[in-house]
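Novice: Same order as they appear, the protein sequences are chains F and X.
For the first sequence, the numbering used here gives the first residue as 1, with consecutive numbering after it.
For the second sequence, the numbering used here gives the first residue as 1, with consecutive numbering after it.
I should point out that these hints are in silico values taken from the structure, not numbers from a laboratory.
Mixed in with the good hints, there may be bad ones.
[Claimed, not checked] Cut-off 20 Å, straight-line C-alpha distance, at most; resulting in silico cross-link-like pairs (PhoX-like, lysine-lysine):
id : chain 1 : residue 1 : chain 2 : residue 2
1  : X       : Lys220    : X       : Lys266
2  : F       : Lys182    : X       : Lys220
3  : F       : Lys10     : X       : Lys31
4  : X       : Lys207    : X       : Lys93
5  : X       : Lys56     : X       : Lys78
6  : F       : Lys182    : X       : Lys56
7  : X       : Lys207    : X       : Lys266
Note that the structure is a prediction, hence the values are computed from the model and not measured.
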Amino acid sequence: MELLADGIAKAVALLASLDQEVLAITLLSLKVSVTATLISLVLGISSGTLLALADFPGKRLMVSIVNTGMGLPPVVVGLFVTIFLWRNGPFGFLEILYTPTAMIIAQAVIATPIVTGITVASIQNLPANLRLQILALGATRLQMVRILIKEARLPLLAGVMAGFGGVISEVGASIMVGGNIKGYTRVLTTATVMETSRGNFDIAIALSIILLLLSFAINYVLTRIQQRERPR
Amino acid sequence: MKVWKQFSLLLAAVTACIAFGLPTPASAAPKSVILATTTSTQDSGLLDVLIPIFEKESGYFVKTIAVGSGQAMAMGKKGEADVLLVHSPDDEKKFMAEGFGVTRRLVMHNDFIIVGPAGDPAGIRSAKTSADAMKMIAKAGSLFLSRGDNSGTHAKEKKLWKTAGINPDGQKWYQQTGLGMGDTLNVAAEKKGYTLADRGTYLALRKNLGLAILMEGDAKLLNVYHVIELNTAKWPKINAAGGKAFADFMVSRKVQEIIGKFGVEKFGSPLFFPDAGKKPEALGL
Chain F
1 MELLADGIAK
11 AVALLASLDQ
21 EVLAITLLSL
31 KVSVTATLIS
41 LVLGISSGTL
51 LALADFPGKR
61 LMVSIVNTGM
71 GLPPVVVGLF
81 VTIFLWRNGP
91 FGFLEILYTP
101 TAMIIAQAVI
111 ATPIVTGITV
121 ASIQNLPANL
131 RLQILALGAT
141 RLQMVRILIK
151 EARLPLLAGV
161 MAGFGGVISE
171 VGASIMVGGN
181 IKGYTRVLTT
191 ATVMETSRGN
201 FDIAIALSII
211 LLLLSFAINY
221 VLTRIQQRER
231 PR
Chain X
1 MKVWKQFSLL
11 LAAVTACIAF
21 GLPTPASAAP
31 KSVILATTTS
41 TQDSGLLDVL
51 IPIFEKESGY
61 FVKTIAVGSG
71 QAMAMGKKGE
81 ADVLLVHSPD
91 DEKKFMAEGF
101 GVTRRLVMHN
111 DFIIVGPAGD
121 PAGIRSAKTS
131 ADAMKMIAKA
141 GSLFLSRGDN
151 SGTHAKEKKL
161 WKTAGINPDG
171 QKWYQQTGLG
181 MGDTLNVAAE
191 KKGYTLADRG
201 TYLALRKNLG
211 LAILMEGDAK
221 LLNVYHVIEL
231 NTAKWPKINA
241 AGGKAFADFM
251 VSRKVQEIIG
261 KFGVEKFGSP
271 LFFPDAGKKP
281 EALGL
């Protein structure tokens, strides 16, 4: 228990003194995970909407695959992204292994199925005859899709939170494709792992607390936006 | 509508922050050197001292990938690293014989120690040699935590069991963590087991462990670090110039002095002993 108190004291001290290294690590975590979430939103909402609205053979199989992907283990993603990005691998010419860009790619791969899956569920959850109604009122197909996405905004924002929560908290992929390089690819989760193995439990606890606070702050803002306009 | 508008505004703000507000070392980064090394050099804090000096002097950007010696050499074999700093001599010799490295130079040493609960249930304090200590642990059936990760420490441990004539695999008292040195020491402390550790990591972690040094000083427990430059004939993409710069740096007089002093202030004794230029025989290898 003493250790926990030490950790909390350390977290307060690190935050209060605006420790440069901790600040940089926190900003990098934010930058990598937010960028990855944005990419996953573009990919996930478009493919999720398509998947929900289109009818084709094998649709159930596709949705099952996406739903399985929602639980994609970060280490598995990390391993495959590493192999692809090796300098002697298929995408080695990009020279981006052990960079923040590689971490963004890996995290986007983790978050995209989450956003896609929730998009499919939210669009399919809309009243079945809403589509017919919109089309009957003379909307084009594109307009219809826009209205449907708008109608599904509350669950979609939940998808944003789930996607972001999935990547800001993952460590397996980040450590493999980023390498936990000091001042370059070290993020809150990988730093926590390293400080734990160094036996600096107080710093590890402090980093965890900062991660939780960060995660809470982002989700609070998103929840505020989501809840402001509740469906009556 | 309002929700979407607000959300888009938020997105725009965040994107702007990312694009302009934060430092992006990637774009302006100089040519990088990938250093594949063992966890002990990172966990002890030595590299945190040395790398910034090297980066400032050479202009290279170092990407330190701290894994076990086994994995570091595997990266070298696949051409995914530019220079290695490792401590698994038998495997290193094989690595060189297979032509993956061009030079292999002695950098420093410290020693391995066998640590365990202060109560010492197997009584290895009285052991004369490391082999005797291993035999006593096996005979008493006391819990022993192995790294189990093909690291340099794991290789040394396997060699000690072999010398003692014991095959610990599958024994109830023998558990593999599959983790780095720091984590394995933590597990040993928690489970009150024995483990083999490098002195540097043990000293760096000692304050939280409650584990005592029970066997030390045996010549077989020497822990030697070499720096290996890699062979571009095997993998043309290796940054040989950067690797050579780092290897030269590690054996330079200035760095050897820093290594000799590292940890004295904090732990009362050095964590590593500089050895550059010495013949391996001088260490009793």
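Novice: Compare the distance between the alpha carbons of Lys182/F and Lys56/X with 20 Å, and conclude whether the hinted pair is satisfied.
Specialist: holds (15 Å)
Novice: Straight-line Cα separation of Lys182/F and Lys220/X no greater than 20 Å?
Specialist: violated (34 Å)
Novice: Check whether the Cα positions of Lys220/X and Lys266/X lie no farther apart than 20 Å.
Specialist: Status violated; Cα separation ~27 Å.
Novice: Between Lys207/X and Lys266/X, is the straight-line Cα distance small enough, at 20 Å or below?
Specialist: holds (12 Å)
Novice: Is the hinted pair Lys10/F and Lys31/X satisfied, with a Cα-Cα distance of at most 20 Å?
Specialist: violated (36 Å)
Novice: Is the straight-line distance between the alpha-carbon of Lys207/X and that of Lys93/X 20 Å or less?
Specialist: violated (36 Å)
Novice: Quick one, are Lys56/X and Lys78/X close enough, alpha carbons at most 20 Å?
Specialist: With Cα atoms ~29 Å apart, Lys56/X and Lys78/X exceed 20 Å; violated.
In summary, the numbered hints that this structure violates are 1, 2, 3, 4 and 5.
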